[in-house]
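The hints should help you fit chain B onto chain A, whose structure is shown.
Chains A and B are the protein sequences, given in the same order.
When we follow my numbering, the leftmost residue of the first sequence carries the number 1, and every step to the right adds one.
When we follow my numbering, the leftmost residue of the second sequence carries the number 113, and every step to the right adds one.
If a hint is listed, it holds; no wrong ones were tucked in.
Sample of chain A residues facing chain B (criterion: CB under 10 Å; computed from the structure): (1) Y36; (2) K42; (3) G43; (4) L100; (5) G103; (6) K104.
Don't read these hints as lab results, they were simulated from the structure.
Heads up, the beta-carbon is just placed ideally off N, CA and C, and yes, glycines get one too.
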Amino acid sequence: QKEVEQDPGPLSVPEGAIVSLNCTYSNSAFQYFMWYRQYSRKGPELLMYTYSSGNKEDGRFTAQVDKSSKYISLFIRDSQPSDSATYLCAMSAIGGSEKLVFGKGTKLTVNP
Amino acid sequence: SQTIHQWPATLVQPVGSPLSLECTVEGTSNPNLYWYRQAAGRGLQLLFYSVGIGQISSEVPQNLSASRPQDRQFILSSKKLLLSDSGFYLCAWLRATEAFFGQGTRLTVV
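Extracted from the complex, chain A is given alone in its bound form (with noise of 0.2 Å):
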């Protein structure tokens, strides 16, 4: 089993939809919870970032962590064109060797 796992899509919506995506992952020593947004041809850049259990809300992006079940995802509200990209989880142990593991990413296009 793969530590994270994330579904690559693609996922296709209509503007203003809300959009659900989601990873799970298999090791518990796991507690920073990140999502990242990638662009086509572009570097991945940081959209939301938790540490454990719970919900993190920014404008129109609501992240949520649930640890008992390993499974966190991010909801986008009000779904716009721009928001067309890759969306990639990653996550981080606490006290480990800082180094993130990703998911595959999921593409999103959100149609006009």
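Using the frame of chain A, we list chain B on its own:
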């Protein structure tokens, strides 16, 4: 503010030719630096990481090597490229557990 530079943006090289990709970081000292490769459908694969000058750790056996000649410079090299070396190469700097990426180099080996 911290900035990470990576070049070139695109590169087409013949099989068997050498490779040198350079990454430099501004605005910080003694950064932890990383080289990733991103292939279609395979996500980000960690190739090398460095916690200081001359200190290189390799994650996977491969045709590539890395060097860190200066505190804020990280170089990815190959003596002879293989077709399988094609991909999108990303340099990253980690602050705590946040990664900051360069814009990437798309390498096509022909």
